[in-house]
Amino acid sequence: MNEQQLQQMKSHPGFIAALDQSGGSTPKALALYGIKEGAWSNEDEMFAIVHQMRTRMITSPSFTGERIIGAILFENTMDRYIEGQPTADYLWKVKRVVPFLKVDKGLATEKDGVQLMKPMPELTALLEKGKAKNIFGTKVRSFIKQANSAGIKDIANQQFDVAAQIIAAGLVPIVEPEVDIHCPEKAKAEELLKAA
Numbered sequence: 000m001n002e003q004q005l006q007q008m009k010s011h012p013g014f015i016a017a018l019d020q021s022g023g024s025t026p027k028a029l030a031l032y033g034i035k036e037g038a039w040s041n042e043d044e045m046f047a048i049v050h051q052m053r054t055r056m057i058t059s060p061s062f063t064g065e066r067i068i069g070a071i072l073f074e075n076t077m078d079r080y081i082e083g084q085p086t087a088d089y090l091w092k093v094k095r096v097v098p099f100l101k102v103d104k105g106l107a108t109e110k111d112g113v114q115l116m117k118p119m120p121e122l123t124a125l126l127e128k129g130k131a132k133n134i135f136g137t138k139v140r141s142f143i144k145q146a147n148s149a150g151i152k153d154i155a156n157q158q159f160d161v162a163a164q165i166i167a168a169g170l171v172p173i174v175e176p177e178v179d180i181h182c183p184e185k186a187k188a189e190e191l192l193k194a195a
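Everything in the sequence shown is counted per numbering that gives the first Met the number 0, starting at 0 for the first residue and increasing by one.
Read the hints as simulated data drawn from the structure, not as lab findings. Owing to the predicted nature of the structure, the values given are computational and were not obtained by experimental measurement. Treat the hints with care, as some may be off.
Pair by pair, the computed Cβ-Cβ distance ranges are [stated by the list, open to error]:
| no. | residue 1 | residue 2 | range |
| --- | --- | --- | --- |
| 1 | Gly83 | Met119 | 30 to 36 Å |
| 2 | His181 | Gly83 | 15 to 21 Å |
| 3 | His181 | Pro120 | 27 to 33 Å |
Quick reminder that beta carbons are idealized off the backbone N, C-alpha and C, glycines included.
Using the sequences and the hints given, assemble the complete structure.
See below:
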């Protein structure tokens, strides 16, 4: 584990930039950036365009570790280069921004008021790949729609089981059991999550 990166995450003020839109959310992110669907003819072209967008953001003089302490990347972005360097290396060596990797595969169908993470059969290989590419940590997200005790316990168990695998691989996990802002009993759902 990179000790300088650990210290930055523990004590440096700032925020983590979420640059981890996956295939499903990329068209919306590009549309918000001003690039309409149809500007690409296949997924490879779409990912090339989104990488150009991310490169423009990351290479901006304002994008530095002074205020942005970490950045979460999608696997496709981790596999690409910025100014001749692997993305994670560029983030840390040039920008002093700690690189994280989104490792979940999206959300499962809602059950018991929550959406667990979809199965991740290739998690071990992805963690090894991330570590080899100088990734510091990971992010996994699940979604709570209702204040359902059983569902929320399932989310907490899944999040911490996956976090244990991530720690065992030598990476630092960010767990994100997100409570829906529109949840009718949001405060109760948050209390149940804290208790779980």
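Which numbered hints fail = Per hint list: single violation, 2.
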